[in-house]
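A.B. asks: Here's the letter readout for the chains.
2 protein chains.
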Amino acid sequence: MDKETTLAGSVDSQLVNDVLAAFFDRAKNRAEGMHPDYRTMWEHLEAGTTGGKRFRPRLVLAVYSLLGGTDLTTAATVAASFELLHTALIVHDDVVDRDFARRGVPNVSGAYRNRAAAQGNPPARAEHAGLSVGVIAGDLALCNAYRLLGEVDTDPVTRRKLGDLLDEAIFASAAGELLDVLAPLDPTPQPVDEVLDMARLKTAVYSFEAPLQAGAVLAGAEDRLVNTLGEFGRCLGTAYQVADDLIGVFGDETRTGKVGWGDLREGKRTALTSYAAEQPQWPRIAVLLSTPDLSAAGAAEARELLIESGARDRSMQLAADLTDRALQALLDPSVPEGLRNGLAPLSDVVIDRVRV
Amino acid sequence: MDKETTLAGSVDSQLVNDVLAAFFDRAKNRAEGMHPDYRTMWEHLEAGTTGGKRFRPRLVLAVYSLLGGTDLTTAATVAASFELLHTALIVHDDVVDRDFARRGVPNVSGAYRNRAAAQGNPPARAEHAGLSVGVIAGDLALCNAYRLLGEVDTDPVTRRKLGDLLDEAIFASAAGELLDVLAPLDPTPQPVDEVLDMARLKTAVYSFEAPLQAGAVLAGAEDRLVNTLGEFGRCLGTAYQVADDLIGVFGDETRTGKVGWGDLREGKRTALTSYAAEQPQWPRIAVLLSTPDLSAAGAAEARELLIESGARDRSMQLAADLTDRALQALLDPSVPEGLRNGLAPLSDVVIDRVRV
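Protein chains in written order, with this note's numbering: chain V, 1 to 356; chain Y, 1 to 356.
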């Protein structure tokens, strides 16, 4: 979700950055009172939140503004809470994936792995120390998503609804992460419906559905509109994940900044592999996927087989269909025209990605 | 903190168990709606919370009752929130320590490591899967500590104070856990003051100080009493940790259920090693501590050297002094006599442990 996106009204994320900067300043000062090393950890955590595109906060602010909300300071606090949730989830996701860098620079775990290695510790010990600090740092980001939301100055009913949305986002993304961990352990291919369920739980709820709904709740929207935005976010977020998986395999590495093929090699389940598993090319693809250190030639062969099996085209069509369903949801009469026009360009996030 | 303790009024933790059982029932049903595997994970998380002594909840309830509080249902919800925090911290602590069992049965990580191994995955992969599920399960326990506290039916000021206590507990224990991860990576021995700071941050705040204070806040106590209880809990909790480290090295394994020597072999910093590091026996002790798979004879030699260096006696004295300071704090005039008499037996928790 690090890609630049077009959102109506070109919502400024400076307010959110201000809330986050003030939050991290408080945390760093408080941490320093306990131990200098603790402050340093907070600095690494803060560094991990900068440079992102503030996608979720911008969804909160966009919906809130498009529905006529004017208290942007309060909205920015809600938005910042979703950004901290995102930080927590990527820090812990990196622990689960044993990733030590993000956007080419060491993440929290990477920074502490490097530090431990520089102190003369053997690689395995340094790695585990790095991952351990990642667990701790992610915990703090997660707790403070709740704390920030608790600071929002609003009436009890709105506060409860916002709390429920954050809770649902966390409950669902944990389910998605769990299924993501468990799926590759069982060699049976999964039907595409299960893969989509996992994508929805892991990404769509917290990255699309909940932030869109939070903006609406804060603007005082009726339940029907909130539900409609949920449906829009769910479909669009799932489409995004299907597109993202396509990019991971067929995308241009220099453009996406991702190492192509990486996810599939790790046994991740995607719509692509589910479709391929139904076709005669699958046994050969499965052999390639389970090859450690797959060569460039092997990866190229697997890509060809995924195209030949029709899996790529079916995945692209799936992403397009889900995007259409998202746009259909916006036609519900509960959606004011300004909001509809403002959110529709979000589908470009997906459409652009599928043009691989 | 799994040891049975005497608390005045023999507070019944059944109410807390009821709150937790209702919470887990809701979570399991909700999880089942997402995926059967998700429900299973919640069952493992719940199993990890049963069998404990509910030490922190009992502190909350004891202080609340001793100060005349009568709404035990509300107090039990606050108490349950601290139990979920404890669950989160031990689940994540086990991830950091790569422990796959607790009290002799597989913990969440152990259950999923075993499951992955049974599915035919190699040991390293199965272990990492287990630890990954531990990260996720701990996250959920942590978030729901906030959620449970949010359900407490009280006035806004009390609610804010309780939120601040939970926040301080998490902020401090994360600092302690961080220092605990970082310390063994640097071979320089630490002064005893730093070791005590770490123990206070990692254990005393969330296990003693915050639950005691939460019970008082909920009972409407004045600030001075809340601060006094903080001092009492800080000293007693730190004493507890010093005693616990002594038990870990000198205790009877069959009685404590712990593998003696385990913590020191992993390079953990304790008052014991800090004191020993000042003495001529240290170079030999340091060699023994850094020996992988230290033999029983090697462990016995190290124990003898720790006694000979005076480190054991000094640690025992330290635990006794800290316990005295805790009891001194209770003499503050802000502490009603009933509360003082009710809490004083808590010092037995420490005194009993030091009788090794």
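If you're looking for bench data, these hints aren't it; they were derived computationally from the structure.
Hints should not be assumed to be uniformly reliable.
Partial list, computed: chain Y residues near chain V (C-beta under 7 Å) [said to hold, decoys possible]:
{"hint": "1", "residue": "L15"}
{"hint": "2", "residue": "M34"}
{"hint": "3", "residue": "H35"}
{"hint": "4", "residue": "V95"}
{"hint": "5", "residue": "A117"}
{"hint": "6", "residue": "Q119"}
{"hint": "7", "residue": "P123"}
{"hint": "8", "residue": "C143"}
{"hint": "9", "residue": "V152"}
{"hint": "10", "residue": "D186"}
Here are some chain V residues the structure puts well away from chain Y; computed CB gaps all over 10 Å [stated by the list, open to error]:
{"hint": "11", "residue": "G68"}
{"hint": "12", "residue": "G104"}
{"hint": "13", "residue": "T158"}
{"hint": "14", "residue": "P280"}
Each residue gets a CB set at the ideal place from its N, CA and C atoms; glycine is no exception.
A.B. asks: Each hint should be assessed against the structure and marked as holding or not.
C.D. replies: Hints, verified against the model:
1. L15: Given a least distance of 24 Å, the restraint on Y/L15 is violated.
2. M34: holds, 5 Å
3. H35: With Cβ-Cβ at 6 Å, under 7 Å, it holds.
4. V95: Hint holds; Y/V95 Cβ to chain V Cβ min 6 Å, cut 7 Å.
5. A117: violated, 9 Å
6. Q119: Hint holds; Y/Q119 Cβ to chain V Cβ min 5 Å, cut 7 Å.
7. P123: Where the cut-off is 7 Å and the nearest Cβ of chain V is about 13 Å from Y/P123, the hint is violated.
8. C143: holds, 5 Å
9. V152: violated, 13 Å
10. D186: Given a least distance of 6 Å, the restraint on Y/D186 holds.
11. G68: holds, 28 Å
12. G104: Per Cβ check, V/G104 is outside 10 Å of chain Y; nearest 24 Å; holds.
13. T158: The claim holds: V/T158 sits with its nearest Cβ about 14 Å from chain Y, beyond 10 Å.
14. P280: holds, 25 Å
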